[in-house]
Amino acid sequence: IRARQAESAYQYRDILVCKQDGYTHLQLSIKSADDNALTLEAMKEMQAAMALAAADDSQILLLGAVDGTFCSGLDLVTLVKMLVENKQQSTRIAEGLRDFVSAFIYFRKPIVAAVGGPAVGLGAALLGLCDIVFASEKASFETPYAVMGQSPEGCASYTFPRTMGYLAACELLFCGRKLTAEEACTKGLVSQVFWPGCFTQEVIVRVRELAACRTMVLMETKELLRSVMRSELDLANQRECDALQRIWSSSEGVNSLISYLRKQDKVLP
Amino acid sequence: IRARQAESAYQYRDILVCKQDGYTHLQLSIKSADDNALTLEAMKEMQAAMALAAADDSQILLLGAVDGTFCSGLDLVTLVKMLVENKQQSTRIAEGLRDFVSAFIYFRKPIVAAVGGPAVGLGAALLGLCDIVFASEKASFETPYAVMGQSPEGCASYTFPRTMGYLAACELLFCGRKLTAEEACTKGLVSQVFWPGCFTQEVIVRVRELAACRTMVLMETKELLRSVMRSELDLANQRECDALQRIWSSSEGVNSLISYLRKQDKVLP
Amino acid sequence: IRARQAESAYQYRDILVCKQDGYTHLQLSIKSADDNALTLEAMKEMQAAMALAAADDSQILLLGAVDGTFCSGLDLVTLVKMLVENKQQSTRIAEGLRDFVSAFIYFRKPIVAAVGGPAVGLGAALLGLCDIVFASEKASFETPYAVMGQSPEGCASYTFPRTMGYLAACELLFCGRKLTAEEACTKGLVSQVFWPGCFTQEVIVRVRELAACRTMVLMETKELLRSVMRSELDLANQRECDALQRIWSSSEGVNSLISYLRKQDKVLP
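Just so you know, the sequences run in chain order A, B and C.
Sequential numbering from 391 applies to the first sequence in my numbering.
Sequential numbering from 391 applies to the second sequence in my numbering.
Sequential numbering from 391 applies to the third sequence in my numbering.
In case anyone wonders, no lab produced these hints; they're calculated from the structure.
We treat Cβ as the ideally placed atom computed from N, Cα and C, and that holds for glycine.
Incorrect hints may appear among the rest.
What the hints assert, rightly or not - When the alpha-carbon atoms are kept at most 25 angstroms apart in a straight line, the in silico DMTMM-like pairs for lysine to aspartate or glutamate are as follows:
#1 B:577 <-> C:599
#2 B:471 <-> B:532
#3 C:653 <-> A:431
#4 C:577 <-> A:592
#5 B:653 <-> B:424
#6 C:577 <-> B:532
#7 C:577 <-> A:655
#8 C:577 <-> B:573
#9 C:656 <-> A:599
#10 C:568 <-> A:613
#11 A:477 <-> B:613
#12 C:568 <-> A:599
#13 A:577 <-> C:599
#14 C:499 <-> B:532
#15 A:421 <-> A:431
#16 A:477 <-> A:655
#17 A:568 <-> B:527
#18 B:568 <-> C:592
Said to hold, decoys possible - One side only, chain A facing chain B, incomplete, derived with CB under 7 angstroms:
#19 423
#20 536
#21 561
#22 635
#23 646
Claimed, not checked - A few chain C positions that, by computed beta-carbon distances, are all more than 12 angstroms from chain B:
#24 406
#25 410
#26 417
#27 435
#28 447
#29 472
#30 483
#31 521
#32 527
#33 530
#34 591
#35 603
#36 617
#37 635
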């Protein structure tokens, strides 16, 4: 294991990848932005690691974060810099996002997420594309898209209404209501909540147990559950990225992002 | 604002319409029936007001009621009178209902409902076509269709199973179980519950906040959330109105409505 | 009633059927296996009784069990014996299962389930195809498919995500989490929970009330609720039975079933 960790440390900058006990452990540890925000480069690295985990003998993909924050969503600071420089870049960013989300939609093995801290925007939306989500009491969940001047991404416009009902989804996506781990569990966005002290331990026990199941059974079960919605998820991803591209290529959209980031005290160009 | 209220008071008999702070406030205040029951005329007025709100610069439609009762559903007394006179009228009523429900399905801006008292039948069903539903502790929710001798309407046969799960939907639609505001919130039919004393105030704060969001973002978000289900809602509405038309044009159906209304001490022809 | 019970006692071995007060009461009392496990013969008997209840003037089908256990799912001991003898039998078993589940999908009258004890595997999955589910406090719900080395059946891969959200469904189907009656009610797999002492009485009162509704209204309502998903349920059933057939006809699948049953101290060939 130690050798592999060393190896992966060479391969990736923004993630740590470690294969053990039948599962691949992918941890966000993003150097190119604050709070585990997803840059285009970090997303490319995750896609590469997911492609390897899909092809090797891993039974499960376990997705977590090294730091306290699980993931604060798309790296908006870099995004705004790119758009201010040239609005044409909106197409490239939307395509990068679409491909990243596709990697989740088409991943054929069970994905377990372990959320130990805040999950914001895309960081929360992606959970709807995982199969099991464990959260620590310290986790929180927030998709304040309308407030940011964005529209939903990561198939949240599809998965959130189906997970928690249409009205509850609107509260998160329109009003940006922030959920505690317990509230997210009640709403179906989290499978189980654990005390922070034993969080990692409890997750690993469960992931090992699942990884010990027959490959055939895990694959058939995931296929039965996801295959019916895969083409709809694909369409939702496409529609969401198209809407974001329209927003990002408009002055109204970029200005609204800039105002939002200024309120957050982010340094902008 | 005062001028507009005066203006709308001339235009409408059964509703109060008031445009302010970026939203249109539509309040039921039905004179032609008891308990804010929906007559064909009241539904036509609401459609007209919704068409104006869709076309002007309102960001949000806020739907409420002046009196204690939010809405007691279709005005069954007038309905029965019409059917007893001539069963052929069932077609006209079903068409009126279908067009009214269509106005909700095709409304492109967010609809916020503020339910301060009982919501019964169509009055509760319509909430499934809104985007955010705030309720006072005094609100209650009830769709006793099977008991009344009716079948579901307002797309409840589609939205209720998706909002609260199939089995919970059956309990409301078959058994007519009455929900408190808290229960409706747990089941996903209500977004948030407030104390009656500060209800209007809390709603207005949230509606203003939402109305301050970018138009583009509100429209794109609602479109992403609703567009996938619009054709299915349309079909559900059509199927529901066809079923009601079959019930209303049969002696069994009309007699069952009459027995139900007699038990409620309603004066009938 | 007594005469009919006597009559049904002649007709069936594994079920008790009793028609009264407008409903057909079908109770599992399986002699050919332990714990009300479903043999191919018991499933055939249930299909025959359901065909009669569909055609006669029963308004409701009430499904329960004579013994403590509601239903422990497919009779795996006989299944393994058949597969060990000849793997070709996997086709016959998968077809028997598919036809049995079809009988639920295409049943046009409301089905009420009364779950007084453990519901396991197919015994729990079938509840997603009923319309109302009453449970005693002593009931429990469990679908440990991955642990058993099986994939989901009874349309659970379709109904469970829609009933309780995708992530909660994965916890039951992948991790085999066992739910109490209260938990199942919160997740939407149960409509209402009663104390064991008055369970049968409370159920009968509600079933009689429902059976007193107009036939036309019950049929139209069920049709509105179920017709939209019938072709999808049919496809889910087909896909699930195909997956099980693949598992049952593989050595990996049969060996995993044998290990599971050995751990349960079941006597095997």
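Here is how each hint holds up against the structure:
| no. | hint | result |
| --- | --- | --- |
| 1 | B:577 <-> C:599 | holds, 24 angstroms |
| 2 | B:471 <-> B:532 | holds, 24 angstroms |
| 3 | C:653 <-> A:431 | violated, 48 angstroms |
| 4 | C:577 <-> A:592 | holds, 23 angstroms |
| 5 | B:653 <-> B:424 | holds, 16 angstroms |
| 6 | C:577 <-> B:532 | holds, 21 angstroms |
| 7 | C:577 <-> A:655 | violated, 41 angstroms |
| 8 | C:577 <-> B:573 | holds, 14 angstroms |
| 9 | C:656 <-> A:599 | holds, 23 angstroms |
| 10 | C:568 <-> A:613 | holds, 23 angstroms |
| 11 | A:477 <-> B:613 | holds, 24 angstroms |
| 12 | C:568 <-> A:599 | holds, 16 angstroms |
| 13 | A:577 <-> C:599 | violated, 33 angstroms |
| 14 | C:499 <-> B:532 | holds, 23 angstroms |
| 15 | A:421 <-> A:431 | holds, 10 angstroms |
| 16 | A:477 <-> A:655 | holds, 23 angstroms |
| 17 | A:568 <-> B:527 | holds, 22 angstroms |
| 18 | B:568 <-> C:592 | holds, 18 angstroms |
| 19 | 423 | violated, 23 angstroms |
| 20 | 536 | holds, 5 angstroms |
| 21 | 561 | holds, 5 angstroms |
| 22 | 635 | violated, 11 angstroms |
| 23 | 646 | holds, 5 angstroms |
| 24 | 406 | holds, 25 angstroms |
| 25 | 410 | holds, 20 angstroms |
| 26 | 417 | holds, 21 angstroms |
| 27 | 435 | holds, 26 angstroms |
| 28 | 447 | holds, 15 angstroms |
| 29 | 472 | holds, 34 angstroms |
| 30 | 483 | holds, 28 angstroms |
| 31 | 521 | violated, 5 angstroms |
| 32 | 527 | holds, 18 angstroms |
| 33 | 530 | holds, 17 angstroms |
| 34 | 591 | holds, 17 angstroms |
| 35 | 603 | violated, 5 angstroms |
| 36 | 617 | violated, 8 angstroms |
| 37 | 635 | holds, 27 angstroms |
When each numbered hint is compared with the structure, violations occur for hints 3, 7, 13, 19, 22, 31, 35, 36.
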